[in-house]
Each structure stands twice: as C-alpha cells, then as structure tokens.
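The hints should help you fit chains L and D onto chain P, whose structure is shown.
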Amino acid sequence: MLRTLRIILGLAIALISSAVQLVWADDASIVLTRLATENYSEIEAGVTALAASAIPSAEAVLNALADSRLSYRLSDKAIFFKDTSGKWIDAATNAAPSEQPTGLKPVKVNNRVRRALDAAIGSMTLLSADPKKRIAAADAVFKSRDVNTLSALDSVIAKETDAIVKQHFEEARAAVLILKPDAPEAERVAAADRLGQRGDQDALALLSSVTNANATANVIAAGSLAAKSISRRLALLSAAQNAWYGLSLGSVLLLAAIGLAITFGVMGIINMAHGEMVMLGAYTTFVVQEIIRAKAPSLFDWSLPIAIPLAFFVSALVGLVIERMIIRYLYGRPLETLLATWGVSLMLQQAVRSAFGANNREVGAPSYMAGVWDLNGFQITYGRLWIILFSLTVFLALLGVMRGTSLGLRMRAVIQNRRMAAAMGIRTPVVDALTFALGSGVAGIAGVALSQIDNVSPNLGQSYIIDSFLVVVFGGVGNLWGTLLGALSLGLANKFLEPIAGAVLGKIILLAVIILFIQRRPRGLFALKGRAVEQ
Amino acid sequence: MKRLISTIAVSAFAAGSLLASIAAKAEDTIKIGILHSLSGTMAISETTLKDTMLYLIDEQNKKGGVLGKKLEAVVVDPASNWPLFAEKARELITKDKVVATFGCWTSVSRKSVLPVFEELNSILFYPVQYEGEESSKNIFYTGAAPNQQAIPAVDYLMENEKVQRWVLAGTDYVYPRTTNKILEAYLKAKGVKAEDIMINYTPFGHSDWQTIVADIKKFGSAGKKTAVVSTINGDANVPFYKELGNQGIKATDIPVVAFSVGEEELAGLDTKPLVGHLAAWNYFESVDTPENKDFIAKWQAYTKNPKRTTNDPMEAHVIGFNMWVKAVEKAGTTDPSKVIDAMIGVAVPNLTGGLSTMMPNHHITKPVLIGEIKADGQFNTVWQTPGTVVANEWSPYLEGSKDLIADWRAPLSCGNFNVKTGKCGSKS
Amino acid sequence: MIKFLFHRFDKTAAYFIAALAVLGVLIPILNLALPEASTFHIPTYLVSLWGKYLAYALLALALDLVWGYCGILSLGHGAFFALGGYAMGMYLMRQIGSRGVYADPILPDFMVFLNWKELPITWYFFDHFVYAIAMVILVPSLLALIFGWFAFRSRVTGVYLSIITQSLTYALLLAFFRNDMGFGGNNGLTDFKDILGFSIQAPTTRAILFSITALMLALGFIVARAMVASRFGQVLASIRDAESRTRFLGYRVENYKLMVFVVSAAMAGIAGALYVPQVGIINPSEFAPANSIEAVIWVAVGGRGTLIGAAIGAVLVNFAKTWLTGTFPDFWLYGLGALFIGVTLFLPKGIIGTLTARFNSGGKGDTA
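Protein chains in written order, with this note's numbering: chain P, 1 to 535; chain L, 1 to 428; chain D, 1 to 368.
Isolated chain P, as found in the complex (with noise of 0.2 Å):
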C-alpha cells in the first residue's frame, strides 16, 4: 500500500517540478551520471532532479551519498554506491554488479548539496513507516520550504494518524505556504496562527521575514500577532534557559570541586595536584574509548559506564601513592603540602605529556549524551542532564560514604580529633591514606564527566584549580554541603551576569563579589564549629 502511494507521490512531484519535465523522458542512468562530478552545484542539481524522478534506488542513493558512500567510475561515469553491509551496488540497476568495480572515485559533498540532500531526503521520507523518520522528514521540509512538497503535505496531513508527527507535517506546512505569495490569504493567516503556536526561533525567524514585499496585510498583522506572543515567550524562557545553564555550570564547578571538598576541605590538604587527578580520569576515558574502538565498537556506548570506576581507581591509587610517599610525612604542616603537591603536580603534567602527547585527545560522546531534548522551546542538552545528575550521584554516594559507613565514621572521627581517635584504636594512618585516596578517585570520577566537555589534555587540570578551591572556600571548608550550595551559586550567580556584563567582565565581578562574601563571613557559607575552627 505504502509502495503503491509512494509512487503515486513521486509522479505528482515529478509532474510540478519544472527540472522533472527534462528528466521523465531519459533514462535513469542519465540522472544518476549528473551525480559524477566534481563540480558542487552540479551535484546540488542532480540530487534535486533525482529526488523527483522515480528511480527505484534514489532513497538509497542520497543516502548514500550522505554518508560518503557513494562512488563514480572514472571510465564511464556510472555510479555505484556500498551499502550498509559494506557491499557495491549498481545504482542504475538497484543490485550488486556483476563484477567488482573498479577506477571508482567518491563523489564528494559540501554544504550546499548536504542541504539540498537533507531537503530531497525529506521530502522522500515523509511516508516513512519510522514516525521518527517522518518527524526528521518534516523538519527537513521546515528548513527547506520546498514549494513542490506542498501537495504531498497534504495528502500525508490527511492519513497521519499520530498527533505528534501530523503536528510536524502542519507546522511544515505551514513554513511552506506563510511565505508562499500565491497561497489564499486565509491559508496563511492559518499558516501564522500555527506558526504562533510552535512558538520558537525558527517560527519566529519564518514569521519575521512576512513583508510587505509579500503578503497582504492580514497576512501581516496575523503574522506580527504571532510574532509578539513568540517574543513574549522566548523572552520568559531565556531566563529559565539562564536559569539551566548555571545549574549546569554549577554541577561542573561541583565535580571538580568535590574531590577537593575531600583532601582539601576535609584533611586540610592543600592540594594542588587535584586537577591532576581530574586530567588522569579523564585520560582513563581516553584509554578505555580507544580500547573498545580498536576491540568492540559495538560497546562504545558503554563506554562512559566503563570508564567511571577505572577512573576511580586509577586516580584514587594514583593518590594513595602520593599519600604513602610523600603527604603522610607533611601532617599538621598544611602549607608545605602546597609545595610538595605542587611538585607532584608538574610531574605528573609532564608524566601525561610524555605518555601521551602534547596534544589534545578526542573523547567521543556515547549516543545518549548527544541531542537537545525540545520541551516547548526550553532546550536540554542530554550532555548536560547527565552531567547534573551525574555530579547530583557522585555527592550523593559521597556523602553516603562520609556518613553511612564505618570508614566515613572513622574518617570523621580522625579529622575531629586525631590522637583521640588514635586512642580508641583506630589506625590513623589507614584511615589518611584512604581518605586522600577517596578524594582523588573522586576526583578522577569527575574527569570522566569533564572529559566530555572540555579538552583532553595536560594542562586541563590546570583550568579547575582555582576555581574548584575558589568552591570550597566559598561553601566553607569541611563541609560537603556548603560545596554542594557553593558550586550551584556560583554556577547561577555566573550565568546570569553573563549576559548583562559578559563573559569577561561577569567572572571578575565574581570574583569580586567573592572576596567581598568572604570579608562577611570569614569561614565560608557553611562555617564549620568546634575544635577545628582555629587551625
């Protein structure tokens, strides 16, 4: 039935389309030979002429030719393309050639042709079985506002039956005929209304370019009307969108700093290899992305998951080294362990540098990270979600760590008040060194997510130092909550000073608005009481 209709469409976009009429007298292989070129808009021209014609393989071939598949032979021009198996096909017959091709040389593509293919595939696919394939179709139609797609619009509007994607096909529809200038005006006055109703940028964007030029002045007030209800709008969420972004900041500040929060705010470490710890998790992803890429691509989404408690444990033994060789010598000499772990932390930069290249390495992002989610026009990124709710995971089980378990009990009771502990037998030393280690997994942990975001390289630990002690400060050292509230303060208080004082600017206003907090309240949000306060 779909086969049957699918043809019916392609003869009715054929018969509109003017570059049909040259077409539907030749032969497919004449249509395909204009794909065998160099030339750009050459191919921008034959994809069009191909999407039109009803050349049982043209679905396959701009696919194909999407993704790089698609070759010519030299000799004669004729095209081929792999399929997804890997295996050639003669596009003029649709089968595998009898012989092995060979003199092939791939058709490339630039913008231009990417749009045109995007458009044609569009309008091909909007009788897709997959509703998300028909979706995509009828975005695609949206950007291209192909006037020929008009009557094929139609007669999908009228059989779909899921709301969702006949939402879709309208609002295309709709970004066809609002600048269509021969369309009746009641038409596009409809047009506007639903125009109004999508309600984003880009209807914003089509209802902004209705002139005088051509519309009517219905058209027009209709289209203004829809235009002030979408300002209003996006107006009201790009301060939910501001409000977004410092959380997501906020939940990056509170990764990085969280490690800290640990040898830092609570064994009073200042701990200046912290970033260092960070780089290596995040060099762990590196390490095991490579491993299942050259092993088992099929995993690569797993990746990530992989990734979390190797990182954890690369750093966290990582640190317990630097703990046993050097910082349990330095022990109620808080400030040399500035300049030992400093030492440490050039080291390691170097170590990184030497192991790996000075370079930047590529960490990919697994399927689920990639995307916006659309809620209405509020936009999600999925890397971001993650992210947050990530770092929300990672404090959580810290806290439940510090708090639940009877090494948390006697990490608590060694920062409290160490010879007492010692006293009541806990073995101090032990514990240190598990607590410095717990931190700098932490931390590695952390790297994982910020590996996603930012470069993979030596110096990436450097670009959290600061401000991650800048976090804990401000939340107030050796407390897990006042990180937590520090992080996502300074992470809302940036983004909305960006947009009025800059990028810039709003980070030095910060800054400033910092040193002011901390003249107020010398000990942070969360000031911690007792014994440990005059150390």
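Take these hints with a grain of salt, some might be off.
[Stated by the list, open to error] Capping the alpha-carbon separation at 30 Å, the derived lysine-lysine pairs in DSS-like fashion look like this:
hint, chain 1, residue 1, chain 2, residue 2
1, L, K224, P, K133
2, P, K143, L, K218
3, P, K87, L, K402
4, D, K193, L, K423
5, P, K180, L, K272
6, L, K374, P, K87
7, L, K374, P, K143
8, P, K143, L, K225
The set of hints was computed from the structure by calculation and includes no laboratory data.
Here is chains L and D on its own, set in the frame of chain P:
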C-alpha cells in the same frame, strides 16, 4: 640516608652539567635554534612544530647539510611564558650562537622576542597565521596575514552559502580583534548592515559556551542565512565545538568558519557532529599533490607514527626552512645579515602544488584554501584561490595602517614606510 | 635612623649585604671592562638574566616578610609585582614616543591599533619618571591597603586569606587580559626603547639596571631586617604563632598585619618595576596565580622566615629553571617537581634554614 641522597643529587647534577658541556663542544656544525613551548598551555600546539623542525634538519643532514656542514638543532623550552621567550631567544643567539631560529606561536611571544632579534641582528622564522600590522627586518613571517585567510573565507561564504548575517566570535586578544576589525570594515564595504554583524569576545581557555552558543543560535534565526567567523584560539575551541554539537547546530544551518582550527585541533574532537563546518588555511593535510604525499609519508616514517597528522603551521616551517637553506646557499654564508638580504625573492615549492616566494615585506605568497570538516577529522577542500596571494602586512582596512608599506630592499629598507608622508616611521 | 636600620645586625646579614655589593659592582665590571674574548667576561645576556633573578629575589623577600614573619600566606603577591611592573612599563611605553610603528607621538601602538583617539586618563603623566616611580610604589600599596583593611579587619585568616588573595590576582589577570582596559590586553607592553634617555638595549644601561636591582635588594633586605628585628617584628612573630593570644594581650593585630602587608606590597611593586626593563615585556600572565604560587615556593625552598633564604631560594629555583629548560627541555618539569618535593620532605626549613640550624648545633644535629 640523607647524606646518600644529597650525594646522589650532587653527582646527578655534576653528570648533567658534564653531559651538557660535552654536547656543547660537538664538532663544527651550523646551529639552528628551535624556540617552541614544550610545556604549559601552548605545548598543545607548539610541540609538533619542534618535531617538524627536528625532522627537517634531519632530512637536510641526510642530503649533506648546508655549505658542507651538518646542521645541529638547539632545542629549548620557553614553557609558554612570554618573558622566558625573550630570555631563551637571547640565550640561543648569544650563548649557543645559532644562525637562525624557528619558533613562537602566539603574537605575544613574537612581540616579546622581537626586540631581542633586532638588537642582536639574528633571524626568526614565525610560522603561524597572525594579525599582520608588523614587519621586522629580522623576522620572516611564513604564516598567513589576514588577507591570506580571513577575507577569502568571507568571500566564499558570501558567494557560495549566500550568508547575510555574521557572527564574529573570537578570543580577546590582538589577532581576533584585528581580524574582526578588518572583516567588519570589509563586510560593511560589501553592504552588510551593522545590525547584521554580531561581535563577541571571550577570554582565553573559555570553557562554558552554553550562553554564547545559544545567543548565536538566536542571532542566526532572524530569517537570514547566518555564519560564524571564528577566531577562537586553541584550548577554547574544543568546548566550543562540543557545545555546538550539543545544541544541535549543524553546518547546514549555521556554518562556522575557523581560522585557528586545523587537523591537530580536530584530532582532539569527535568530528561527526561537526561535518561541514569550515576552516580557511593555506594548506590541508588532505591536499592531493605529490609533494604533500611525499612529505606526509616521510614525516610519519620519521615520527614512527602512521597516524601523525600534519597542519598549516608545519607547512609554513617546511617552506621557511627550505627558503633559509636556499638563501644560505645563495649568500654562501650563514651570516644572518647576509642571509636576510638573500632571503628576499627566494621561491620554493609549497606542499599544495605551487611556488611560495619571500616578498620584500618579509611575508610569503600563499594560496588560500577553504575546507569543510569531514567525519574522519580531515578537511575536504571546497574552494581554492587560482594562484597565490601576496600578504598585506599593513591592512588597507585599518585607519592607522592604510598608508603604510614594508619593503626591506635597499634603498627603502623600511618596515613601516608611510607613502603619504614619504617617511619611514617617524624618521625624516 | 641608621642605627635603627642596623639594629641587631648579625654576621650572616652582613655577609649577605657584602655579597650583594660585590655582585652589584663586579658583574657590571666583568661585563663592561673586559674584552669579550676574556674567560672572565660576562656576556650581557647573563647580566640581564641575573638582574631578573635579583628582582625575583626582592619579590621573594617581600613575600617572606608577610609569610615568614606574620603568617600571612599570600597567593597573590604576583599581583603587586605585576602592578609595579605595569607602572614601569607604562612609563617605558610613553618614552617610545613617535618611534612606534604607527609613529604616533602620544598614543602607544596598541591604542592606534584599536582606533583610540586619545590617551585614557590612566595613562596621564606616565611620561614623567618621578610620577611613574611614585605609582610603582603607590598603586600596589594602595591595593594592599584596601584589600588588607577589609580582610584583616574581618579576621580572614589561614587558607581563606590565601584563597582570596589568589582570587584577587586572578580577577586582575582577567581584567588586564581585556583589551578594553587599555593596558595592551594579552600582548601587554613591550618593545621598549629607552629609560631616562638611555637606550634600554645598551650594555651600560643593562649593567646599571643590574646594579640598581642589587642595591634595591640590599635596601629591601635592610628594611625588612630592621622591621623584623624591632619590637614591631616581635609582635608580628607573636601574631604568626598565636594570633588570638596576641589580640587578647591588647595588640591591634589588624594594624600590624596591615602595616607589614602594605610594606611588602610596595617592595613587590618595586621588584616588578626593576624586572620589566630587564626582561623587556610586561603582560597579564604575570598576574597568573601560578606565578604567585611559584614565588611562595622560592621562599619555601630557601627557607621561610629567614629573609636571606627567600632571596637565595628565588635565585636558585630560577637558575635551575633557566638551566633545565635549556639543557633538558623535555624533562625539566620532572626535575623541578622533584626539587619541590625533595625540599619539603628532606629540608623542611628550606636550604638556609637547615644550614643555619646545622651550623648552630655544630653540624651534629639532625634537622628534620
């Protein structure tokens, strides 16, 4: 125990200095200085250039060196620290007696060493695209000036992508500021209205791009085709592109053309979401010429890494080094004052199939290539100037420099000759 | 006055001053008077290099004064150093006059470049040397006064103080990076021509600058020494060791702290001013928190609370850096990192501190 450690430390120190002095007393060679950061923030970009120079010197020595002598590389690490650049340059020239130096990446490092090279009358080859507005007797600029990169890129977008609205986004330092100023003047001259140009500056290493990318998206949905011209530097690029990918801005909607993003930078990125974004350079690794194929094969063999990428500043060093060799052979000496004169007019093949010539303004002629990012991290050249372009070291679009020219040939021999007043700088 | 300055001046201090005097005279002579072929000739680049070391030594001295004797660990002393450097740099920029590439008699090149039409108010009078020198001392002092007044009055101490000093220098770093600030942005100020009419590149000028740096270091040392050896210094030490107790004894702790902080900032400013003409550039990276941390490390390496140690630590670490970056460009960070770790673990009092302790106990005692 402590005594033992201090003994070890002292003997290690002594052995180190001994080795160093032996190395310094090596037989009669020609010394070349390499002044690229191997640590600190710029190591990301500069380390590769150090390796490139070592490779080139090695290749030249295989061919018998220069003037019958072997070349010897003197590598130092200025550690991304600008005063240290000046200090190391002075050390290279006075202590190590190098006859030419290849180095620097950032403009500030070049500005820092410039007085040193002028004072001691030595030679520096500077391989990176920069803002122009400079011409020193002692520096040879083998990277692109703004008119060899930015303006052709904008022309391409205007003609091929029909772009009408422009975002000029850059890091807040001299190169982006100048380039954007030149582009703004150029775009306005082409009839682009002020409200269709958005200029944005961010600090070095800016990592949270959510707000700015959202702004760009908003600016780009005003019904006119929009493009971003990016002069964002180094470290900030990766989070910027990651955020573009996150917010779903595709090259088919809002293309980004970058002047500081090459193969090396892309190697640190998942390029699939970036397919179609553009870069303008004078060289791409993917350029299909025999010279380039040969260079890449030898380079990868030298580094023993079949995946090692090449990029534009590397090509600049290749050209600069070959020019230096040619000029030394022409002058018959490595004496910098003679080599400086011999350099002008020297032409060597570049890797894109043409000839690059050292012009009297101490800049070289280069072709301009526009490439689109491919899924494999390489560029697909979509447009190319028919021949090579001569650098405008003083931009005609800037108020202060439109009357200035540089010509280091006698009798003019001036880096900032004012054609209106007929004076060289302030000299009468 | 003189008597006050040399009050309780011991032998080590006298040796240090004598060494500086010899250095300040001998190096310029060896550089200027001897022919280049002579084995004792000191090349000009070494003169400037050692001039830079001594400027760093003065910064370290200033830092030791607040950290070693008053317990204020400032992670932002680089800011005072850089401000002093900028004041000097602005004077040197104004001296370029019409010799800049755009030949503008008033505006420095970068302003012409940004299309500025007139000199911003912050640059007024910087063509007068005396004004510039006054600013070298006043600007850092004033910043220290305001900052310290707020911080010490609110009793911000310990790591909190360290972190907000770090925030201070970080904020200044970001501010000076901005081209709109009018201090040359990332490129900073460079390509200086002359100072008080003498070419800045001439060997004689360099030699004299070196001598002046040595002199200022000696002066700084004498002043710092006098401060810590006086009653004032004893109060400082008691603040360092037990702040609350000192306060309960009736001392206005914040005033003492403020005083020493301001003096230290002024010294750091002078160090910056001496540094700039000798290295030939000042740019915002001098404000980088890492630089300030490094200065703290010099002090720790030399020996905290010894003054001489701070100066020697600065020279030593920077000498090691010069040597290692030239000789082992790929591995020097390991060496430097190991040095810092080694010093903390094996020489907790720093080099000079350990030596003094050993000397005092007749070379027998274990120092750790």
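Tested hints:
{"no.": "1", "hint": "L:K224 / P:K133", "verdict": "holds (27 Å)"}
{"no.": "2", "hint": "P:K143 / L:K218", "verdict": "holds (16 Å)"}
{"no.": "3", "hint": "P:K87 / L:K402", "verdict": "violated (59 Å)"}
{"no.": "4", "hint": "D:K193 / L:K423", "verdict": "holds (20 Å)"}
{"no.": "5", "hint": "P:K180 / L:K272", "verdict": "violated (35 Å)"}
{"no.": "6", "hint": "L:K374 / P:K87", "verdict": "holds (22 Å)"}
{"no.": "7", "hint": "L:K374 / P:K143", "verdict": "holds (23 Å)"}
{"no.": "8", "hint": "P:K143 / L:K225", "verdict": "holds (12 Å)"}
Checked against the numbered hints given earlier, this structure breaks hints 3, 5; the rest are met.
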